[in-house]
Amino acid sequence: MNILGIETSCDETSASVVRNGTRILSNVVATQFEFHERYAGVVPEIASRRHSEVINYVIEEALEEAGTGFEGIDAVAVSSHPGLIGSLLVGLIAAKTIAASLAIPLIGINHIEAHLYSVHFDNDPVYPLIALIISGGHTLLLRSESIGGYEILGSTLDDAAGEAFDKVAKHLGLGYPGGPAIEETAKKGDENAFFFPIVTLAGDKSKNHPDRYNFSYSGLKNAVINQSERFKTPGARSTACDIAASFQKAATDVLLIKAKRAVKDLGIRRVAVAGGVANNSRVRRLFMNETEFESYFPARGLTQDNAAMVAGLAYHKHGLGERSDLDLQPRSRLENIVKGKRNTHGK
Amino acid sequence: MGSRYISNSFEETVRYGKALGDSLTGGEVLLLTGVLGSGKTALTKGIAESAGVREVVTSPSFTIMNEYSGRLLLYHFDFYRIDDEAEMEDLIGDFAYREDAIVVIEWGEKLKDRLDSFVLVNIALQNSERIITVTRRRA
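First to last, the protein sequences are chains A and B. According to my numbering, the first sequence holds residues 1 to 347 in order. According to my numbering, the second sequence holds residues 1 to 139 in order.
Among the hints, a few may not be true.
Claimed, not checked - Below, a list of computed lysine-lysine pairs in the DSS-like style, where the Cα atoms sit at most 30 Å apart: (1) A/K260 <-> A/K187; (2) A/K188 <-> A/K207; (3) A/K205 <-> A/K264; (4) A/K260 <-> A/K188; (5) A/K232 <-> A/K260; (6) B/K110 <-> A/K170; (7) A/K205 <-> B/K110; (8) B/K112 <-> A/K232; (9) A/K207 <-> A/K260.
Don't read these hints as lab results, they were simulated from the structure. Bear in mind that the values here come from a model prediction, so they are computed numbers and not experimental data.
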């Protein structure tokens, strides 16, 4: 069974054909990277306008590369949430049009579930598992019982992990995207030159604390950008490389701390790590070297937003009989993350 | 007419945001200005609390807009990655000045010359203090 996947939730316009959930026949990603780089991270055009300019070419290329054409497609899947409404709409309209004109099933996909699914192309993960979705827009710690389902254990209370990388990179003048720029610069630095706070949130060591699995990156961002001198190790060098390395250490150590905590609390010894920040070599090293659990990472080409993960997950949804109506609507948010479970506003 | 407040912590910034939110009735557009890490999102957390939003307010730098609902709707924009003011106007077009909604915009100072009416909230960093000034401009 061949499924055409479409992904337009943020900056990337992507289309992919995946056979039977794991065999990627094509995965075309039109990234706005070249524009972003020129403007140091700024989106120069309305994201949705760019999506609509390139989506037809991206879909055609994906079908051609896969060798299926439209006639070889059995179902079409599309990211419907979360994301920027205007951007999601472009993918949805394309997917609905294809589904209606070919009279094939339409399957709306949760972008976060799709990221989690991305580990399936190169691993054979055993469920239940703990999952960490870390990207520019998301920082989520999940428990997943089976493919395509999850429960949110924790999330960021402010900035996303990838956002912190981008903002610190911009502050240090390292360019865009910030993740690879920080990683590259950090190689030449001393990660102990600064002791930036590893933000685990006050009180979260106790088992029932609402912030036990939550993250916060704005404090670290602020420490690096506005008060780095305060955290300097006496006598250490303080070049941009040292700041980048020390920041990277603090930003990634906390991911392992929280994941390990979930592993221990829930007795699940498997962790999937996905999303753009899963590309970071320090994150990979930290998790791969861990002996208390087994970890699953996507191939490096599948960490960022892409349509293969959408098409792959859709195969399983299709098998479960899930179908979407042609009036499928985009949604900006994931399900509501309600406080009370988390201590964000002091109560 | 303007007001000035000094915050010494994240919590104080959130609390001030809540007080500011209490003075809003819906239909307002707030432009938040201040350097990276000055507390714009923290202030928005307070505004959201005042608006009766129960969800966690997170940075919309990547998502560009997050929406919340409580007593009032809250549309939280972040134009950190957007450079063009016409585009900013396009993006807020459907949401600004709705009577049932507050629009909060981070990194939207370029809109100052294009909007008739807004509340400008500037957060200046001075040592460890945040000096928050609020000015209202009405058409």
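Problem set entry | Hint numbers not upheld by this structure, sorted from lowest to highest | Hint check: 2, 7 and 8 fail, others pass.
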